[in-house]
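With these hints in hand, go ahead and build the complete structure from the sequences.
Chains as they are written, first to last, in this note's numbering: chain W, 1 to 327; chain B, 1 to 283.
Calculated directly from the structure, the hints in this document are not laboratory data.
Nothing here was measured: the structure is a model prediction, and the numbers come from that model.
Beta carbons are placed, not taken as given, at the ideal position from N, Cα and C, and that holds for glycine.
Each hint should be verified, as a subset may be incorrect.
What follows is a set of in silico ranges between Cβ atoms, one per label pair, in the way DEER data are often shown [stated by the list, open to error]:
# : chain 1 : residue 1 : chain 2 : residue 2 : range
1 : W       : P57       : B       : T20       : 55 to 61 Å
2 : B       : A192      : W       : I52       : 39 to 45 Å
3 : B       : I24       : W       : H162      : 53 to 59 Å
4 : B       : A173      : W       : A93       : 52 to 58 Å
5 : W       : L24       : B       : E172      : 21 to 27 Å
6 : W       : A323      : B       : A63       : 57 to 63 Å
7 : W       : M319      : B       : A173      : 30 to 36 Å
8 : W       : A48       : B       : L30       : 49 to 55 Å
9 : W       : P231      : B       : A51       : 56 to 62 Å
Computed list of chain B residues with no C-beta within reach of chain W, every gap over 10 Å [said to hold, decoys possible]:
#  : residue
10 : L45
11 : M56
12 : I121
13 : I240
Residues from chain W shown here face chain B by an in silico Cβ test under 10 Å; the list is partial [stated by the list, open to error]:
#  : residue
14 : N73
15 : Y86
16 : I94
17 : I97
18 : P101
19 : F143
20 : G250
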Amino acid sequence: MSAVQEAMPAIRGSRDATVRRFALTDSIFHGLTRAAAVLVLVLLGGVAISLIVGAWPALSTFGVSFVTTESWNPVTEKFGALAPIYGTIITSAIAIIIAVPLGIGIAIFLTELCPRPLRRPIGMAVELLAGIPSIIYGIWGLFVLAPFLQTTIQPVIISIFHGVPGLNSLFAGPPYGIGLLTSAMILAIMILPFITSITKDVFDTVPSVLKESAYGIGCTTWEVTRRVVIPYTRIGIMGGVMLALGRALGETMAVTFVIGNAHRISTSLFAPATTISATIANEFTEAVGDLYTSSLVALGLILFIITFLILAIARYMLMRIDARTGA
Amino acid sequence: MSTAASLHQSRKRKNAVMMTLCVIAAGIGLAWLALILGALIYKGLSGVNLAVFTEMTPPPGDAGGLLNAIYGSIMMTIIGIIVGTPIGVLAGTYMAEYGRFSKLTTVVRFINDILLSAPSIIIGLFVYELMVRPMGHFSAIAGAVALAILVIPVVVRTTEDMLNLVPNALREAGTAIGAPRWVVIRSVAYRAALSGIVTGILLAIARISGETAPLLFTALNNQFWSSNLNAPMASLPVTIFQFALSPYEEWQQLAWTGALIITLTVLGLSIFARSLTGRREDR
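Structure representation (structure tokens):
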């Protein structure tokens, strides 16, 4: 008894020390994880600041005319970003037009039509398209798709629309193979998996009761999809499309291979053009002179701002549908 | 009656047409994957031989291999993973454990999701301004840092998601026997979420091993063998980019072979990673 009483202070002392040690290590670990989380914010802030600093010489030299002029002349050091901006927007827009119906179609197929055992393999195969590095799409586009379009598809389209006003300037020759439309097609393949998987995910959030009651009053599968599933998931689909648009706008390597890198705005979709990311990838290491480099960084800043806004809107929309299913 | 019947017929027809279009869409998606893989195997396989893995990248018009590019890719990927993974896991831990309900977590999650889809060439520009310009030269370490920045958002996302799946009862049990929070996280939460976190890291490896754009003006390229991290280093994707756009047949063949190697690596990694989580879901 007395021996235990004698030992008590020592035990209490070591216990206190242990608790203090635990509290200390825990607060260290807490601080460490918190610092890592803050670092993510610092990274994005750092990207924004470094781009603004790097772009400042070009922006202060050219002002607003940087985004409104087309000329891109390294020799006279006159730089305007209109052609790359135009190319970026047109290729992404066409890619969205091609990929959205395809992606939603595949999502409908996977959720409504596909036999259950095949769902996972087919869904996975489509998602594998997302895993293929963009440079692979580039090399495939340059050596397989572009020659095919050049020799087979483009001459036919050009001859069909030759006499049609409006369309004849949209599909004007000669058939290079590479150009705006080819880039847009490659982009469409690349963003297809994003649209498909997000659409499939939001389709799964539709309560079965809604679908069953529509089927119960005699609707066909298409009517249920068109009138119940798609309206219910509209925000989620829009979010997925915006996310895909963000990807398409910033996609670099695949486009660099097949866009043709020509700094001019042409009405023909078959003409070589350029995008913001392709211009940076092609010219950055060869840029001589501070103004040239700075102009390319300014292009990067424009791309950063556009994609940031698009992705922020996309995430906001997807967060709203998450909140709804969570509630 | 007859109008009702014809309306029924037309609705059924419309349904059949739309559903056929959906099947065709799925067919197009699968056909495209098959076309790309087919072309890769057809053009890449004929160039696969021992020299690819034992010889350096050749000068124009010569035969050679991809050894220095493969080595550079592996080195920069490893450093990128070593730098990026701890930061990503720690940030994910904060978001799922200490700060699950804090304002900071909401903001970080939003920003992280944007970083996740941000154009990788922008990251390349950032690292150029951050490291290459102050140092005055291109270097492998700058390339590795650019890759690490791409790793972080992937790992943050999967770590947070996986830790959120760990049942709270497990944590409470740990706390109830007197373990401090970080011991609970380390010995209970991490252990329960391990396969998910590993999946995230594998997906990150798959993502960065094919990345080209952030390396173009950070690590640049190198025609010769170099293990100096402070000098430009070759990498498989940048070499493919350079060789594919060249007019030399030997270079183009090497580009296809390199493309096949990268694709098989990346697809293998992502299938393996998915099978890890797939087993989890089945359980």
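Non-conforming hints, listed in increasing numerical order: 3, 8, 12, 13, 14, 15, 16 and 17
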